[in-house]
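Novice: Here the structure of chain A is known, so what remains is to put chain B in place on it, guided by the hints.
2 protein chains.
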Amino acid sequence: MEKVTSPAGMQKLADELRAQRKRIALVPTMGFLHDGHMSLVAEARRQCDIVVMSVYVNPTQFVAGEDFATYPRDMAHDEKKALDGGVDFLFSPPDGEVYPEGYLTFVEVDKVSRILEGEFRPGHFKGVATIVSKLFNIVKPHVAIFGQKDAQQAFIIRKFVKDLNFGIEIIVAPIIREPDGLAMSSRNVYLSPDERKRALALYHSLKLAGDMLRKGEVDLTHVRDRMTALIAAESEGRIDYIQFVDPNTFDLIGNSIGLNAVQAVLAVRIGKTRLIDNMIFDVRKP
Amino acid sequence: MEKVTSPAGMQKLADELRAQRKRIALVPTMGFLHDGHMSLVAEARRQCDIVVMSVYVNPTQFVAGEDFATYPRDMAHDEKKALDGGVDFLFSPPDGEVYPEGYLTFVEVDKVSRILEGEFRPGHFKGVATIVSKLFNIVKPHVAIFGQKDAQQAFIIRKFVKDLNFGIEIIVAPIIREPDGLAMSSRNVYLSPDERKRALALYHSLKLAGDMLRKGEVDLTHVRDRMTALIAAESEGRIDYIQFVDPNTFDLIGNSIGLNAVQAVLAVRIGKTRLIDNMIFDVRKP
Chain A
1 MEKVTSPAGM
11 QKLADELRAQ
21 RKRIALVPTM
31 GFLHDGHMSL
41 VAEARRQCDI
51 VVMSVYVNPT
61 QFVAGEDFAT
71 YPRDMAHDEK
81 KALDGGVDFL
91 FSPPDGEVYP
101 EGYLTFVEVD
111 KVSRILEGEF
121 RPGHFKGVAT
131 IVSKLFNIVK
141 PHVAIFGQKD
151 AQQAFIIRKF
161 VKDLNFGIEI
171 IVAPIIREPD
181 GLAMSSRNVY
191 LSPDERKRAL
201 ALYHSLKLAG
211 DMLRKGEVDL
221 THVRDRMTAL
231 IAAESEGRID
241 YIQFVDPNTF
251 DLIGNSIGLN
261 AVQAVLAVRI
271 GKTRLIDNMI
281 FDVRKP
Chain B
1001 MEKVTSPAGM
1011 QKLADELRAQ
1021 RKRIALVPTM
1031 GFLHDGHMSL
1041 VAEARRQCDI
1051 VVMSVYVNPT
1061 QFVAGEDFAT
1071 YPRDMAHDEK
1081 KALDGGVDFL
1091 FSPPDGEVYP
1101 EGYLTFVEVD
1111 KVSRILEGEF
1121 RPGHFKGVAT
1131 IVSKLFNIVK
1141 PHVAIFGQKD
1151 AQQAFIIRKF
1161 VKDLNFGIEI
1171 IVAPIIREPD
1181 GLAMSSRNVY
1191 LSPDERKRAL
1201 ALYHSLKLAG
1211 DMLRKGEVDL
1221 THVRDRMTAL
1231 IAAESEGRID
1241 YIQFVDPNTF
1251 DLIGNSIGLN
1261 AVQAVLAVRI
1271 GKTRLIDNMI
1281 FDVRKP
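One line per chain: the protein sequences are A and B, in this order.
Anchor point for the first sequence: position 152 equals 152 in our numbering, and the numbering is continuous, going up by one each time.
Counting the second sequence from 1 gives a position; our numbering is that position plus 1000.
Excised from the complex, chain A in its bound form (with noise of 0.2 Å):
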């Protein structure tokens, strides 16, 4: 594995790549890696000739007040996980390249980045759809992995992708999970021990809507409140949103179910920890 730094170093292995007819993976990642992140590396293995890992905590994505400062950092953890996974390049440039001093330029998808945790987190998505558009510059790969835990992300990155010619094939690998249940994340080290048993409560919240859908349950308030009791009884953490989208538009659904599937989304804070998880559901049509 080579650990790369330099942008512009990067780039030029990339170009050489491309103009070898090699196929190039990436997946970027803010580091602290966990088992989900290695999911996607996997995935990676299985698709290209050439597996790129970047790690970069980027500041834009995240909103004033937020964990930017004391978001978990361990390189030499991830340099280790990475080498193991099979990474071929471990790409981790330093801010004062990434956004010089008079960095001015930023790529916003509308509408769909400004609800949900676009609500929530004002200008996260324009972080990650910027940082995302400099990565694919810099390390020019066919396909890109990223996680289905960070839905929105997800979509609003398939989106730009599309809408900006890129030309990258975006594979979204299923969220990895605790065996308990709890969606990894490199945010789950908050936790205390009873914020831990308490964080179960979203992937409780999720599985008892699939069981209401899947009983014929159309009525999405209903299931929205069962989800909210099950969550104050188990955490009694503030949920910020409890959310029903068409996973192929991402549009929020109103109360009535009229699709095959649907994707319930949700976001609680458990502590001072926010987490989100989220699951897609097959729907009966009644």
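Rather than coming from a laboratory, the hints here were simulated on the basis of the structure.
Using N, Cα and C, we set each Cβ at its ideal position, and we do this for glycine too.
You may find that some hints are simply not true.
What the hints assert, rightly or not - Not the full set, but computed from the structure, chain B residues with beta-carbon under 10 Å of chain A:
no., residue
1, V1004
2, T1005
3, R1018
4, G1102
5, Y1103
6, N1137
Specialist: This is chain B only, laid out in the frame that chain A set:
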């Protein structure tokens, strides 16, 4: 010369040319080609193995009330010109493939997009940065050539290419003028014979500014007043702005020059036709 209309087809061609280690130059245009455009093609020819010219009247860079519908178009003329100029690929995609229904993504350069042209044409540079980003992703050039006539556009393109790590060399080629000094522009066709004469006021005012600066004038308010008077006398044109910028930063210069070079930029409406022009002057420091 090969004509290409499909973005996906053009992108595939570009990938193949790059895999053959050919160097690609792109000359983006809105068509209705004149000798200014052809000078960009000649520069492209000098720089690269493959010259791609795009012809696309980009709707997103026209502001409400502007001349998108009536902007001059003549594809037969453009094809002949491109062929004669040695263009290898003429890329002219249909609107529906550039901005399909549900299109949502835009590229924007903060600050510099809102002054001068951006003040009088709000959203214009957002449209420019977006279409040029798309063309860069489709054509994958090593070099792209733009005209100095659209000075602020050229600056903004250089800026987002650097900010977003496009890794493309931007060459800005000199303004090509008619024998009497009028900067070539597809919009000159709008001018009546009388307006065509009055339009020379832009060029004359820039020459006047150059004469004053060469003679050691340091009071830019004085220079602007003289330019304003000349334009009033020669053209009765409506001045949108006459400004002086640092050519390296496009920062507006206050009243006194502390630089080695100053760029005078102006926009004037002659009848219903809005014209822009500019010149860069070396400045003897006082």
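Novice: Among the hints numbered above, which are violated by the structure, and what are their numbers in rising order?
Specialist: Checked against the structure, the hints that fail are numbers 1 and 2, while the rest are satisfied.
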